[in-house]
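Engineer: Take the two lone chains, each set in its own frame, and fit them into one complex as the hints suggest.
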Amino acid sequence: MEFHVLAVDDSIIDRKLIERLLKTSSYQVTAVESGVKALEFLGLLDDENTNTHVQKAVEVNLIITDYSMPSVTGYDLLRKIKESAMLKDIPVVIMSSENIPSRINNCLEQGAEEFFLKPVQQSDVNKLRPHLMRGKCRTQNQQNIINKRKPLEECLSPDRTRPRFNDFELVQ
Amino acid sequence: MEVDQLQRNFLEYTNLLFREGFLDGQFSQLQLLQDESNPDFVFEVVSLFFEDSERLLNDLTIALDQQNVDFKKIDAHVHQLKGSSSSIGAQRVKNTCIAFRDVCLEQNAEGCLRCLQQVKQEYLLVKTKLEALLRVRVPHLFSLEQQIVAAGGAIPMLNDFC
Chain R
1 MEFHVLAVDD
11 SIIDRKLIER
21 LLKTSSYQVT
31 AVESGVKALE
41 FLGLLDDENT
51 NTHVQKAVEV
61 NLIITDYSMP
71 SVTGYDLLRK
81 IKESAMLKDI
91 PVVIMSSENI
101 PSRINNCLEQ
111 GAEEFFLKPV
121 QQSDVNKLRP
131 HLMRGKCRTQ
141 NQQNIINKRK
151 PLEECLSPDR
161 TRPRFNDFEL
171 VQ
Chain D
1 MEVDQLQRNF
11 LEYTNLLFRE
21 GFLDGQFSQL
31 QLLQDESNPD
41 FVFEVVSLFF
51 EDSERLLNDL
61 TIALDQQNVD
71 FKKIDAHVHQ
81 LKGSSSSIGA
91 QRVKNTCIAF
101 RDVCLEQNAE
111 GCLRCLQQVK
121 QEYLLVKTKL
131 EALLRVRVPH
141 LFSLEQQIVA
151 AGGAIPMLND
161 FC
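For the record, the sequence lines run as chains R and D. Counted from 1, the first sequence has number 71 at position 71 by UniProt numbering; the numbering is strictly sequential. Counted from 1, the second sequence has number 100 at position 100 by UniProt numbering; the numbering is strictly sequential.
The hints are simulated quantities; they were obtained by calculation from the structure and are not laboratory data. None of these values were measured; they are calculated from a predicted model. The beta-carbon is built from N, C-alpha and C at its ideal position, and this holds for glycine as well. A portion of the hints provided could be inaccurate.
[What the hints assert, rightly or not] DSBU-like cross-link-like pairs, simulated, lysine-lysine; straight-line CA separation at most 30 angstroms:
#, chain 1, residue 1, chain 2, residue 2
1, R, Lys88, R, Lys37
2, R, Lys88, R, Lys127
3, R, Lys16, D, Lys127
4, R, Lys23, R, Lys37
5, D, Lys120, D, Lys72
6, D, Lys72, R, Lys23
7, R, Lys16, D, Lys73
8, R, Lys16, D, Lys72
9, R, Lys37, D, Lys129
10, R, Lys80, R, Lys127
11, D, Lys127, D, Lys73
12, R, Lys23, R, Lys127
13, D, Lys120, R, Lys16
14, D, Lys120, D, Lys73
15, D, Lys127, R, Lys23
16, R, Lys80, D, Lys127
17, D, Lys129, R, Lys16
18, R, Lys16, R, Lys82
19, R, Lys37, D, Lys73
20, R, Lys80, D, Lys120
[What the hints assert, rightly or not] Computed Cβ-Cβ distance ranges for the label pairs, DEER-style:
#, chain 1, residue 1, chain 2, residue 2, range
21, R, Thr24, D, Ser47, 14 to 24 angstroms
22, R, Asn106, D, Thr128, 36 to 46 angstroms
23, R, Glu109, D, Asn58, 35 to 45 angstroms
24, R, Glu2, D, Glu51, 26 to 36 angstroms
25, D, Asp70, R, Asn144, 47 to 57 angstroms
26, R, Glu109, D, Val149, 47 to 57 angstroms
27, D, Lys72, R, Asn106, 19 to 29 angstroms
28, D, Gly111, R, Pro70, 18 to 28 angstroms
29, D, Lys72, R, Ser102, 12 to 22 angstroms
30, D, Glu131, R, Ala85, 45 to 55 angstroms
31, R, Glu98, D, Glu106, 13 to 23 angstroms
32, D, Glu20, R, Asn99, 24 to 34 angstroms
33, D, Gly152, R, Glu109, 54 to 64 angstroms
So here's chain D without its partners, still in its complex pose (with noise of 0.2 angstroms):
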């Protein structure tokens, strides 16, 4: 495939998920940090927000299963993924997140479980976009940005949302 239309399909997706709100302008400041030195660093620091929020949102699912609710460590573990979504620019997420405290706070168990649904929901969904958006999924399938290096091409950036 050519480099541009490769391009052009690259920004086209990330305008995507800029537009419907999954990413914000965080995301483009990762984006600005990979450089020839560096050139897996989003990549990288998006692995590592995958695992740990898998580790936060098991420690919550069971953290909400106990018969005494401690809301306390909810709301830590809450406002730790609300960080590194923040930290990543997941939006989405980071709102959800935003939107837990205050239930946790009011200390409601029903509202909280709720709360945990949307934010696995959001997760989720943050995930899948992103993983197209960089990994290979597929191992014959290369991701679109792979695909660009390969072709001899450059990622493009949204300078838009810096």
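Isolated chain R, as found in the complex (with noise of 0.2 angstroms):
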């Protein structure tokens, strides 16, 4: 199962060293510097997205973003996914240099999955999976519904190989 993760941080080191960690757990990584180049890739900039449904070229099974960015925030943009309906299922999780109760729970209020303090490390990026496998469910699952195939069932048993997500390219 391929998964592919959108990572968000205005701190160039900081991209690269995400990236990297990501890349050692196999999974494709997108690395913006920005929520506003976030949102713009996950569709959300453009139109009004609430109840439309957008077919994007890409998908994404996982956000993982700064908290302190300027502009948008990792916040800002935490609230924004769980305000669409069509990517309120992604996983979010906040990275943070801070260690400020209230902003940590503040974001796991808003849906984050997580909440990590920088640096980020390998142990870190192990505590993904079980929230990658969930959201890739949940999305082929809405898919399957919208797209009127394959039940959820097919999800659950990754040894298959059968061909998913057919409606789907990944952008490399």
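Structural biologist: Structure, rendered in structure tokens:
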């Protein structure tokens, strides 16, 4: 099962780090430098995306974002994703260099799956897998319902060699 | 030079940098992420750190040179520098940044200038040491790492510090 992670961080060093960490877990990675770029990538900038089914070329299985970013913060991004009918089921993880309990609580309450303190390490990235597995099943189920195709059980037996996600192409 | 001796030198030098507090465990984490498929990872990250830091230090110098010092801006820059130094394991630079932010909170311009001097010093120190460890400074001299690889050895890891 291939997973695609969108990483968002305004620090070029941290972007390089998180990208490498994710790749060692064999995840496909798209790293962007701002919340705005992330919204653009997710298709949330151009249209009023509330209940419209937007068929994107790329499927994202998890979003990991820095908290402190100029303009659109990680928290803003989290909220926008959770408010989107199409994207709300994508797991979101927040990273921050500051250990502020109220910040952590706000993010978790807003729907973030995890909150990692920087510098992020391999042990943190290892925690992403269960969220990715769940997210993948949910998204596929949603797509199956919309496309009236295969049932959820398909997703839960990854060892079957049946092609999936024919509607989507991963942008390399 | 024999691979064993080179590897010992590399380890000893890295060891020294850890003992003197220039580097912390995060640097070891970087080394762990380097492998045959990403042989220059540490060098690449450290190079980014140099570029980023020099830009930030320059911005800080300019910001502190203003008639009306914008302490929010200064804090933002120091926060960034703290973050990047923490990400590569440049411990002393990171700690100096932490102190800098406290002084910034007090809106003490004199104090900030002193802190800036300190950060610059710490940055230059760690830069020199990392360059020696990783890079070609003088074209005909190889860094320890490159000598080891050239002699057919592998870069040793500091497992104690993981």
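Engineer: Each hint needs a verdict: does it hold in this structure or not?
Structural biologist: So, going through the hints one by one against the coordinates:
1. Taken as a hint, the lysine 88 (chain R) and lysine 37 (chain R) pair is honoured in the structure, with Cα atoms around 18 angstroms apart against an allowance of 30 angstroms.
2. About 20 angstroms separates the Cα atoms of lysine 88 (chain R) and lysine 127 (chain R), which keeps this hinted pair within 30 angstroms; it holds.
3. A threshold of 30 angstroms between alpha carbons decides the hint, and for lysine 16 (chain R) with lysine 127 (chain D) the separation of about 19 angstroms falls inside it, so the pair holds.
4. Pair hint lysine 23 (chain R) plus lysine 37 (chain R) holds up; C-alpha atoms about 21 angstroms apart against a cutoff of 30 angstroms.
5. Proximity of lysine 120 (chain D) to lysine 72 (chain D) is assessed by CA-CA distance (about 20 angstroms); at most 30 angstroms being required, the pair is judged to hold.
6. Restraint check for lysine 72 (chain D) and lysine 23 (chain R): not satisfied, since their Cα atoms lie roughly 36 angstroms apart, outside the 30 angstroms limit.
7. For the hint linking lysine 16 (chain R) to lysine 73 (chain D), the alpha-carbon distance of about 25 angstroms falls within 30 angstroms, and the restraint holds.
8. Of the pairs offered as hints, the one joining lysine 16 (chain R) and lysine 72 (chain D) holds, with about 27 angstroms between alpha carbons and a cut-off of 30 angstroms not exceeded.
9. Annotation: proposed proximity of lysine 37 (chain R) to lysine 129 (chain D) is violated, straight-line Cα distance about 36 angstroms (limit 30 angstroms).
10. Using a Cα cut-off of 30 angstroms, the hinted pair lysine 80 (chain R) and lysine 127 (chain R) holds, with the two alpha carbons roughly 24 angstroms apart.
11. For a cut-off of 30 angstroms, the pair hint linking lysine 127 (chain D) to lysine 73 (chain D) stands: about 25 angstroms separates their Cα positions.
12. Annotation: proposed proximity of lysine 23 (chain R) to lysine 127 (chain R) holds, straight-line Cα distance about 14 angstroms (limit 30 angstroms).
13. With a CA separation close to 24 angstroms, the supplied pair lysine 120 (chain D) and lysine 16 (chain R) stays within the 30 angstroms bound.
14. For the suggested pair lysine 120 (chain D) and lysine 73 (chain D), the alpha carbons sit about 18 angstroms apart, so the restraint of at most 30 angstroms is met.
15. Between lysine 127 (chain D) and lysine 23 (chain R) the CA atoms are separated by roughly 28 angstroms; this keeps the pair inside 30 angstroms, and the hint holds.
16. Our distance criterion of 30 angstroms between C-alpha atoms is broken by lysine 80 (chain R) and lysine 127 (chain D), whose separation comes to about 41 angstroms.
17. The hinted pair formed by lysine 129 (chain D) and lysine 16 (chain R) meets the criterion: a straight-line CA distance of about 22 angstroms does not exceed 30 angstroms.
18. Between lysine 16 (chain R) and lysine 82 (chain R), the direct Cα distance comes to roughly 26 angstroms. Compliance with the 30 angstroms bound is thereby established for this hinted pair.
19. Distance check on the hinted pair: lysine 37 (chain R) and lysine 73 (chain D) sit about 23 angstroms apart at the alpha-carbon level, within 30 angstroms; holds.
20. Straight-line distance between C-alpha atoms of lysine 80 (chain R) and lysine 120 (chain D) comes to about 40 angstroms, which puts the hinted pair past the 30 angstroms bound.
21. Judged by the Cβ atoms, the range 14 to 24 angstroms given for threonine 24 (chain R) and serine 47 (chain D) holds: they are separated by roughly 20 angstroms.
22. Between asparagine 106 (chain R) and threonine 128 (chain D) the C-beta distance comes to about 42 angstroms, which sits within the given range of 36 to 46 angstroms.
23. About 40 angstroms separates the C-beta atoms of glutamate 109 (chain R) and asparagine 58 (chain D), a value consistent with the hinted range of 35 to 45 angstroms.
24. Under the hint 26 to 36 angstroms, the C-beta atoms of glutamate 2 (chain R) and glutamate 51 (chain D), about 33 angstroms apart, fit the expected range.
25. Between aspartate 70 (chain D) and asparagine 144 (chain R) the Cβ separation comes to about 54 angstroms, which falls inside the hinted range of 47 to 57 angstroms.
26. Range check, glutamate 109 (chain R) to valine 149 (chain D): about 50 angstroms between beta-carbon atoms, so the 47 to 57 angstroms window is met.
27. Judged by the Cβ atoms, the range 19 to 29 angstroms given for lysine 72 (chain D) and asparagine 106 (chain R) holds: they are separated by roughly 22 angstroms.
28. Checked against the hint of 18 to 28 angstroms, the pair glycine 111 (chain D) and proline 70 (chain R) passes, with Cβ atoms roughly 26 angstroms apart.
29. Taking 12 to 22 angstroms as the suggested C-beta distance range, the pair lysine 72 (chain D) and serine 102 (chain R) conforms, at roughly 20 angstroms.
30. Between glutamate 131 (chain D) and alanine 85 (chain R) the CB atoms are about 52 angstroms apart, so this pair conforms to the stated range of 45 to 55 angstroms.
31. At about 19 angstroms, the CB distance of glutamate 98 (chain R) to glutamate 106 (chain D) agrees with the hint of 13 to 23 angstroms.
32. A hinted range of 24 to 34 angstroms for the beta carbons of glutamate 20 (chain D) and asparagine 99 (chain R) is consistent with their spacing of about 27 angstroms.
33. For glycine 152 (chain D) and glutamate 109 (chain R), the hinted distance range of 54 to 64 angstroms is satisfied, since their beta carbons lie about 55 angstroms from each other.
When held up to the earlier numbered hints, the structure conflicts with 6, 9, 16 and 20 and fits the remainder.
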